[in-house]
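One-letter residues, chain by chain:
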Amino acid sequence: MATVAGKDKQPDRGRTRPAAAEEEHKELHESDEEMFSQLDSTVFQRFFYYAGPHKRQMAIALLAVIGFTVANLATPLLVKIGIDSAITESRSGLLAVIGIAMIANAALYWITNYLQRVLISAAALEVLYDIRADMFLQLQRLALSFSDKTPIGALMSRMFGDVGALQEMLESSIEVIGDILTLIGIVIIMLILDWQLGLIALAVMPLLLVLRFVWQPIARRAFLVMRRNSSIVGVYLDQNVSGIRVVQAMNRQDENHDVMDSKVRTFFWSSVRAARLGGILMPTVELLTGIALALVIVLGGARVLDGTLEVGVMIAFLLYVQRFFEPIRTLTMHYAVLQRAVASGHRIFELLDIPIEIADKPDARPLGDIKGRVEFRNVTFGYDPERPILRDINLVIEPGQTAAIVGPTGSGKTSLTALAHRFYEVQQGAVLLDGIDVRDVTQESIGHVMGMVLQEPFLFSKSILENVAYNTEGATRQDVIDACKVIGAHDFVEELPEGYDTVLEQRGSNLSVGQRQLLSFARALVANPKILVLDEATANIDSYTEQVVQKALRRLLAGRTALVIAHRLSTIRDADKIVVVEAGKIVEEGTHSQLLDADGLYARLWSTTYSSFDDIASNADTLVANPQTAT
Amino acid sequence: MFLFIPRLLGEGVDQAFTLIQEGEHTRDEINSLLLRTAILVVVFGLARGVFGFIQMFLGDTLSQRVSNRLRMIYFDRLQAQSFTFFDGVHTGQLMSRGLSDIEGVRMFVQTGLVQVFRVAVMVIAAAVFMAIIDWQLALISLGFVPFLAYRSARLRMQLRKTWRQIQDALGDLTTTMQENLAGVRVVRAFSAQRHEEKKFDVTAREVVDLRLTAAQQQARGGGSITFVFLLAWAALLWLGGEKVMSGDMTVGELAQFFAFLAILRFPVRMLIMIVNSTARATSAGGRIFEILDLPSQVVDSDQAKPLEVTSGVVRFEDVTFSYKATPALKNVSFEASPGHSIGIVGPPGSGKSSVANLVPRFYDPDSGRVTIDGTPVSDVTVESARLAVGLVEQDPFLFDGTIRDNIRYGDPEADEDSVIAAARVAQVHDFIASLPDGYDTVIGERGIGLSGGQRQRIAIARTLLRRPKILIFDDSTSSVDAGTDARIRLALDRMDGDHTVITIAHRLSSLQRSDEILVLEHGEVVERGTHDELLASDTRYRSLWELQQKQSLGVDE
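Chains as they are written, first to last, in our numbering: chain A, 228 to 858; chain B, 2 to 558.
Please note that a few of the clues may not be correct.
Said to hold, decoys possible - Derived pair list, reagent style DMTMM-like, types lysine to aspartate or glutamate, alpha-carbon separation capped at 25 Å:
1) B:K331 <-> A:E722
2) A:K689 <-> B:D210
3) B:K200 <-> A:E732
4) A:K588 <-> A:D661
5) A:K598 <-> A:E700
6) A:K598 <-> A:E625
7) A:K307 <-> B:D249
Stated by the list, open to error - Derived list of chain A stretches under chain B, where covered just means 3 residues or more per stretch with a C-beta under 8 Å from a C-beta of chain B:
8) 299-307
9) 313-321
10) 330-337
11) 353-367
12) 463-474
13) 480-491
14) 659-672
Rather than coming from a laboratory, the hints here were simulated on the basis of the structure.
Even for Gly, the Cβ is constructed at its ideal location relative to N, Cα and C.
Just chain A, with the same shape it has in the complex (with noise of 0.2 Å):
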């Protein structure tokens, strides 16, 4: 979709939005009416294209179904057949036989129906494991762009809330495809007994036909916003669960209550108003039920005056006929659920369907052992292209050499550190590792040469064993050891009721920051990069630690091409070289007595008694006006 993707260029940083949290789905949906127009077909095709490998399982399926369908039919045939040959004319013998064919009849509805539904049931979970996969997929490609901007309950929403709502219709597809099988058989049987009462009987089917294509529309429109409303409900459960200490720290549970109960209570009302939608074919398929059956009746009972019709052909008109809506009645019923399928599954293919904007080239070829000579050659970003966020940069750094990259918060650092491992595409220029493009490299063979460690150290909730040795294969338990007592974590995580067995709570939560820094330091160790980025990875860690931590970087820095991002300038001191960048350019270069020589911005800073460049734009002229402020 043209309007996703173009949405998906916008920033992350400085965005604005009109109104808050109801807006949150126009990240991945723009209009309404646009979707519309391609709802219906291009969701089933899609369905087919993922039923696709799956295609002889379903075929014998269809071969239960079948024989499932003629043993259900069969069943008021069977009657019939007993009580116009055998009882009418008293002819035990027979009964007898039909009686037996009726219990073997019944074993075969009772086998098919088993390997109907367990085949199908198969097949479904296949497709469905399938789609999930391929959303999980598609998110591990997404442009850190799009991840920046969307919030984790929204996904959520849609792998689980969604991708459940297609199971549910999945299921019920079971169902579904015996009621269709068993209506063309009625149809077929009841055209077979009598051609004229059958097209009587079928006579109110154009009538449901056109009822349905309008009513369709409407209906479909109110589960898509209902299962909207759902996910905006998710969306603000995950934040409340994820804020939750903010949440109590500042009581804002009653408020909290009240904006939950709003969105709650919108969600409610969208749900009323599908449930009206979806129920309201009921009273209309009954109705015309009851009509047909009249029509049988009073014409039917007319022939048999005139005696141009049995009374067996009539029962059984009588009874097929009931049987005849009953499927349609399940389908109605099914249709709820067909409807919510649909709208669901739109919200899945409008996921899948967001194209990836930093994909492997085709002949994109790994990038195997290098030196570590990073270039930047006339680089120009923006996450809004209008918005250049980087202008012109050039910026070489040899292998071996550690770069500091200093500037004032939002002049770009991180953006360079980002571009660097390809995590979005430049305008212009060309990042360039040991003289190749990055863009002609397969991205996984980056992560193995380049390290990074962030200011906020994400650790899963695995043991501290596979945290550090993440994604490093072959790693032994010896060699996350080692890193943990080359960086200085060794000791702590000896306390630990279970050493380097013991299993982090989320996101670390049972160790100090600083800790958990320690072991980001150590998975980098383990990873054993040519290239390193650290970005303001030291800010989060104290006194005590930073000792540790100073002399486990240098051991981390030596020997590795290293940008590190830090606003302590005594981190920043011992670089090879000092990056100075303000608003998206480079304005000065060099050494640290080079560039107090040079007298510029970085001398400016560095007399002054200020040890840090955060916020500079914004504060430069009061820092300088006021220093006696500080203590």
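Following the hints, complete the assembly by docking chain B onto the known chain A.
Same frame as chain A, now just chain B:
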């Protein structure tokens, strides 16, 4: 309502039969008879449809009402849970319960609850009608009911177990997913997509396998029930046929029997669905109630009354505290008041944050007391305690929304002036004002796009806006540079009114001005005194101070 139609049909059959056999009636009489039946069929059909609609609509609406109510209770319950609870449970698990499990309960209420009632009514009514015609045949035709009851009960047990496993596996899947999304930068940085896919695959596979088991159980149980039901048809035809042949019964009556059985077909078919949704709902309900029934460890005591803050004196009296089994604080005592600010320093894991968390009663101490103005915080309402205390954390959570809404989080009614005033004290106003959209700038989930220091300062503004009497800074300026940090402190001093301030920091210059500094180690206060006192003797504090001075080489301060 459903039962009148077979009756009418049976009558129709009988009428037709009598007509043929006797031929006494005139053509007009018969026609009007048939017409009468036909009209009745239409009327009853319509009535049935209307009732069906009402039932379906009510079922739907009721199910939404129930599930939304459950959702609200769940939400409120989560909001009220203590931190001990959240420490031990993953967001993914909570989300899975809040989304999938509540949906399971809803589906049961929608299709199950109403249907169970309906099936019961229909079976009983059919039994009565049948027994009136011929009790022997009624017994035979309904002979399948006990088996049905037994088999569906067994099926329910099996499915309940399977569903529980499915839901647990789904919970794991949600957790995997949630972490993958939350840690997306790490995943990308390590090019670990394939690793993550494998992890996802394992859990997703498990869900598929378990669901297949459920389908098989359902098919087996449902199949045998339907088989026995169809056996009843055979028995009815056979035995009923004998009866008709021996003249004990008319063909019309037998047709009525069949019509009744035909009517029961649908409920029998529904029953298997119902059993499934019941099983799912019971185990989903179980998972939800596990959370709902968990008592919050921090609740208002019976005599709890709102805390009246007079001067805001915080006292720790011999406080000992542990997280689960891990001891965090041992016999800690101190007093903080507006004229006596407290600074706390110590290595990671020494219990600093525990001190901060005990004041607003996020946890309860194992022994000892935490008092505010002489009243133990465990004796006052949780709400009033939190109102009195403003705690700013090191890694603050910012909500999806504008900066203004985030600052106003604790007081959504606050006017623009107070928002700006709070932002000014937190030294973040100039930065916000420099953004193109100012206070309307939307900050994404977890505040991505802002530096750690900016997030910390927005969190400070958020807390200050509420004007709490007691302010606790739990390493909340760690990412803010020392100069800005100092200016925040200066601005705080100039703020209206007296505040009790407890500052936890690893940057000693942040603590320097505190009236008393506590050095914590392994949960114990090992040193205490003013900055100068501590520097005067050979203390850990002094060595740390010297170390920090050396690190910054005279630059930091």
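Please name the hints from earlier in the document that this structure breaks, with their numbers sorted from lowest to highest.
Structure breaks no hint.
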